[in-house]
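> Letter by letter, the chains look like this.
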Amino acid sequence: MELVETDLGATLSTLLGLAWLIPLASFAAILFFGPKMGPHGRNSAWVATGAIGTSLALSLFAFGTWMVNHPPAVAHHGDHGDVHGEDHGEEHGKEHDDSHANNHSAEATNRVAARLVRFAEEQAAEGGHGDREHGDHEHDGHEHSDEGHGDEGHGDEGQHADSVEHGDTGHGEKIAYSGDWYALYRSPSLVLSIGWYIDSLTVLLFVVVTFIATCIHVYATGYMHDELHDVTDHEVTLAAGGHLHRPGRFPRFFQALSLFCFSMLGIVIAGNLAMVFIFWELVGICSWFLIGFYFERKSASTAANKAFIVNRVGDFGMLIGLMALWGALGTLHFGDTVSVDAEGHQVVEPGLFSLVRPAENGHALQVPDGMVVAAAASRVGNIASVVSPEDARAVIAEQVSGWRAMGMGNWLLVVAGLGIFCGCMGKSAQVPLHVWLPDAMEGPTPVSALVHSATMVAAGVYLTGRFYPVLTPDVLVVIAYIGAITLFIAATIALVCTDIKRVLAYSTVSQLGYMMLALGVGGWVAGLFHLVTHAFFKSLLFMCSGSVIHACHTNDMRRMGGLLKKMPYTGWTMLVGCLAIIGAGVPFVIGFSGYYSKDSILAQALLFRQINPSHAILWYAAAGGAALTAFYMFRLWFMTFIGEPRDQEVAAHVHESPSVMTTPLVVLSVMAVAAGWSLGSLGVVNLLEQARPLGTAAGMTGGGLLTAAVTVPAEAASHAEAIHVTATWTAFATAGLGVLLAAAFYVWRVVNPAVIATTLRPVYVFLENKWYFDEIYNWIFVKPAHGIAMLASANDRGIIDSILHLAAWLSRQLAAIDAWIDRFLVDGLINTLANVTWTMGLRLRHVQTGRLRQYVMFIVVGTVAIFLLASMMLSATVAIP
Amino acid sequence: MSQPAFWPLTLILFLPAIVAFVLSLPIIPKAREELIRWIALATTAVVFVISLMLAVPALGGFGGSQFAVGDPAMQMVVKMPWIDAFGIEYLLGVDGISMPLVVLTTFLSVLACGASWNISKHVKAYFVLFLLLETGMIGVFISLDFFLFYVFWEVMLLPMYFLIGIWGGPRREYAAIKFFLYTLLGSVLMLLAILMLYFNSDVKLLSDDQLIATQVVSPLLDEAGQAEAIAEIKAADSAVHTFNLMALAAIGQLPDSPFSQVEVFGTRLEVLAFLLLLIGFVIKVPVVPVHTWLPDAHVEAPTPISMILAGVLLKLGGYGIIRICYPICPGGGLELAWLVCGLGVVSMVYGAFAALAQKDFKRMVAYSSVSHMGYVMLGLGVWSAVAGREYAWESWAQGVNGAMFQMLAHGISSAGMFFMVGVLYDRVHHRNLEEFGGIFGRMPVYAGMAVAVFFAGLGLPGLCGFIGEVLVTLSAWNYSYTLAAISAFTVILTAGYILWAIQRVYLGAEYRGPHEEALTPMNSRELAIATPLVFLAIVFGVYPQSLFDYVTPSVNHQVETLAAWTRDVHDADVRDANGESDIEQTAHQAAVDHVADNSGVTTP
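Chains as they are written, first to last, in this note's numbering: chain Z, 186 to 1066; chain H, 36 to 639.
Just so you know, not all the hints are guaranteed correct.
[Said to hold, decoys possible] Just the calculated beta-carbon pair ranges, DEER-fashion:
| no. | chain 1 | residue 1 | chain 2 | residue 2 | range |
| --- | --- | --- | --- | --- | --- |
| 1 | Z | Ser-484 | H | Val-480 | 21 to 31 Å |
| 2 | H | Thr-566 | Z | Val-851 | 45 to 55 Å |
| 3 | Z | Ser-996 | H | Ile-201 | 16 to 26 Å |
[Stated by the list, open to error] Here are the simulated DSBU-like pairs of lysine-lysine, each with C-alpha atoms no more than 35 Å apart in a straight line:
| no. | chain 1 | residue 1 | chain 2 | residue 2 |
| --- | --- | --- | --- | --- |
| 4 | Z | Lys-968 | H | Lys-394 |
| 5 | Z | Lys-955 | Z | Lys-968 |
| 6 | H | Lys-156 | Z | Lys-955 |
| 7 | H | Lys-269 | H | Lys-394 |
| 8 | H | Lys-65 | H | Lys-159 |
| 9 | Z | Lys-968 | Z | Lys-750 |
| 10 | Z | Lys-955 | Z | Lys-221 |
| 11 | Z | Lys-483 | Z | Lys-751 |
| 12 | Z | Lys-483 | H | Lys-156 |
Keep in mind that the hints were calculated from the coordinates and are not lab data. Bear in mind the structure is a predicted one, so any value in this text is a computation, not a measurement. Quick reminder that beta carbons are idealized off the backbone N, C-alpha and C, glycines included.
Hey, can you work out the whole structure from these sequences and the hints?
Structure follows, in structure tokens:
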């Protein structure tokens, strides 16, 4: 279906908009009519599954439309050119990337300047840009005119705008559609709107999210069947003894799941940061509902609260990022907003991306004018207070480039980047905000699979990727380090966990760390590629673990073992998941999905290390983490499925799950294998390369605020043979080492894990206690917060009210004195006066002569005296003002 | 001179008072409690319907009057002489700032009246005072004469005192006297400021157009009448003082305004008056450290009075600041912006911390009000239209719009929260947070609605609490990075105390307190009160423009005026001193040199 450019944006936004809203309708329907949907609300599962299935269909249709109209160019990123025998770009890549690397390691040492410097400007000028070479043969006629379109056909209120963003990234063109559906608040300074920003990343993630969600809805129909009748919750012991007996809540589960899907898709489609923030909070509250699904359990409700509050810590940072952006730039839109003004002229209001990477600057990062001016407030003040407003504006406009050269406003851009990333840290469970995710496993397992591994927690990575053009090298280095620390800490904890879901939870944290690391070292495609492949294999792993828990009624791996025979589907699909996550494959030939994405991350980390030798630790963390991953994943699989059953009681009841649960496992395991492959132009990497933000194909040099000067290398350079061969073999060797170690511990039993645990007791205890994060937080945050709260409350009663009571007491004393004065002084005076009057009266009797003339005289004198007195006083009063 | 708005405004203002008067007569026997309740409910309902008809164009207006949405000016002005000797008038009117607050008041009065059905002590006296209270509240919102405003401010105080002091909980007398004295202190300071402003005002300073625009001379007069009235004013020998709020604002914003020239105790009058008025109003808001009456008053007050107290009375403070403090004393506002914002941020954080420590459910909700009203203060105060920002007014306007929205949203959510607490209290007669639990299992519909209302308080997107908080927090950034960061920090604490309370009350396996058997589902009366609150919390959350359509034009107009005042009046001296009158080129060069001299270059 070839569409004219104008219509395509409208079509895609309508398709994806519907796919986004249908789960909301399902939520509303189940909210009001859930219990009436069949016996015990059984049919609510069909409503929810039907809704998300429809969303999947619409997303696939949108995907197809996209592929027809904008077939992505074949990139050779991540597939090493071998799978498809497509390698002619390799040569170019190598040459130019080498020159990049050399130039820039030299540059990096030479430049101490604190401000941002465009990377590879010289090369671009020579036309020898490595990325440009790739791009050239992919220029297949995307001759889009740079026009936006006032949107005609939507019929809603509010101003509509639909704009198309084009530009040369070196890899063909960046195509993105953006616009607004609805404005929550519209003012000259801020538009809080619900809108869309659609590029191939959006389309891809819509398919991924709805696909996984559909699988999980089907799976949950089987998994949650206990909730169809009254439930006895064995984990809740009542005060009176005995376990809690409660009615089932089948519809409530699907209601929350539908709301979650709506919120999650809202993040993906969001056209501006404010909308991201809105849906960010909504997925947070859905997560709260789902973690706390068994709200009778204290542990579940506590975990739900912990998740939300820790996420709010991240949101605190995100709010600051929003402020820093909005305060200086006045917009939170990603793309440009095109509207038609009253006179019929097109008005293009640049979005964040164009402001930070303006086309006239070749899409290289620069501090936008607004931030420069905001940072130069005192100078602006000086100017504005000297000349008239119109002149001031002109003078300021003249000064901006000079101020920018002085580095003004750079810190604002860094604050914005760090702030937004802070939100991503909360959602994507990066250290130090990772503590909520393992506890979130209190929720039902389908929730863990969908929300807490595949989609919501990946939203942080998604946003970091979406927001990538605005991130400065300073921020990227921070992201890389946070990612590396996270992947390492989480992997070490996963080594000793015995709860099957917690192993997977820490593995999720660790993999998210990988993605962040990739983004931080410049691997935009690598990080998001891993997001996609991880979503498939991690949801698969969680659903397998759910199937195991469903059969064993326990999470404890020490009570499992030898389940493979009894649960073949679960066991084998889980093995597929494990192989995918460790990145198994035949080097340079073919592999599971994780093989491609993890290799591209390692290659980028290695490249980063070569250019910035001082940051070598990032590479070691990535490589070492790969070995740890392989170890703990196969430890899990061996402990669960291999060997003899450790607990006969558990083993006796084990059975394979019903087909409604195993079918999704098989479907997802196919994806876990194949998600990394490319068929011609149809491949995740190609789609991602097409979505690459403008200007990010080239590397950049900068730093100085938070780190010494650093060069973030261009991603294409990591395909250089020297880099990717090393990376691939390192990945292969580390993963192999991990698997062999796990086998030695748990299959061949050459080494007894118990002995190791005893020998390394302190380390073991340290890891078993999860590096004591919870305890430390309890001591340095939770307890002091409660302490301050107590102080505030005590201050009200103890100090403020005491002062009040003292004041009241003093007034009463004063009143008492006053009363005494009244009684003894005033009354006394009056009495005295009365006495005096009385006596005077007696005396004056003598004046009363009875002669009229004397009386008249008295009156006249008195009146005159009063008149005189009054005049004097009044004139005095008049004189006062 | 016919005044079309006379009857509609007078009716919503005095109908409750008249009914109160009739009720207090011995015509209706005390024993007919049911009848008294219905009469009161009918009265509040009629007032609500009239106010709604006035406010919403689709309803076609009432008595020939109709609020024009989108018009920033004062509308439906009623102007009658009252106490001629001092120029005190019966001057009423509404604009986009007061109209929504009036409707909020009449709406919450209906709900609170419905929530008063359980009151069984001195029913007649209760409803008489309740209706008087409604007149007082509406009067404050629609008075445009400062003296009239003050009278209604005081009229409101006494019924509230008795409603808490007679129908309250065990420590009701303490709470009532505390409330009374606090507010009275504020009133006294306000009176001082009123007199200072009155005696220094002079409408002769205003131009003819301003005299008509500010209703000193009624625009309803024909041209000849207007000319005559203006001539009469101009002919007066001495200063013509006024209580007219709009005229006072126009005088306050004049270049060389008497309020900025006169000094009292070495302080400019506008600063002193701003401070006195501010103290009077912030006691009502309330802000830390003059907030301690609020938790006591709430804990002791019966549920409907708590709803009114949190839903309407607290807004009077914010309304006073926006309507009186800033327009009349802009110089004071600019000089003391740090104080307004600082008080707001301190209240936000302190209130949130204090809420975290409470064991009493109602006390916790009361402290959450302190915290939420802090946003209102912050939003009102972020005067970022200064030279360093090129006098851009939009950001500040956004703060004030956010503050207004926050007031209205908090009116819904706090009334809802207090009602939800009341529903539980009516059943189990305690409010100890440690002795609840498992309510979700026992009263699912109630718990669902309560959680929705508490989430609105939490500031969850899609519910009414979100918009105001976001607008205020964002706009704070352009005023002060530090205050903005602290206010953003509050979101963590808010989540903490609200979620913790929800966990202790609604979640969990079983109820841990006394009277377990009384935990029955909500009855239809309670549902009828809770449903509109939850509904509005959602409507304002997803369609906030419904309120902004009213609020924004008036707020923007006021803020834009004050921003222009900052540039043209307040900073004019600076520009004059630096020689704006020089030739363009010189000014240009001077600016650049000036920059180079004063920059104190700090390259990061």
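> So if I understand the rule, the pair passes when the alpha-carbon distance is 35 Å or less; does Lys-968/Z with Lys-750/Z pass?
violated (49 Å)
> Falls inside 21 to 31 Å, the C-beta gap from Ser-484/Z to Val-480/H?
This hint holds: roughly 26 Å between Cβ atoms.
> Quickly compare the C-alpha distance for Lys-955/Z and Lys-968/Z to 35 Å and report which way the hint goes.
holds (19 Å)
> Is the Cα-Cα distance between Lys-483/Z and Lys-156/H 35 Å or less?
violated (41 Å)
> Under the criterion that the straight-line Cα-Cα distance not exceed 35 Å, is the pair Lys-483/Z, Lys-751/Z satisfied?
holds (34 Å)
> Under the criterion that the straight-line Cα-Cα distance not exceed 35 Å, is the pair Lys-968/Z, Lys-394/H satisfied?
Satisfied, since the Cα-Cα distance of roughly 17 Å is no more than 35 Å.
> Please work out if Lys-156/H and Lys-955/Z have their alpha carbons no farther apart than 35 Å.
Not satisfied, since the Cα-Cα distance of roughly 59 Å exceeds 35 Å.
> Do the beta carbons of Ser-996/Z and Ile-201/H sit within 16 to 26 Å of each other?
holds (24 Å)
> Is the gap between the beta carbons of Thr-566/H and Val-851/Z within 45 to 55 Å?
holds (47 Å)
> Verify the proposed pairing of Lys-269/H with Lys-394/H, using a straight-line Cα cut of 35 Å.
Violated, because 63 Å separates the two Cα atoms, which is more than 35 Å.
> Check whether the Cα positions of Lys-65/H and Lys-159/H lie no farther apart than 35 Å.
holds (6 Å)
> With a cut-off of 35 Å on the C-alpha distance, tell me whether Lys-955/Z and Lys-221/Z pass.
Distance ~45 Å between Lys-955/Z and Lys-221/Z Cα, so the pair is violated.
In summary, the structure is inconsistent with hints 6, 7, 9, 10 and 12 from the numbered list given earlier, while agreeing with the others.
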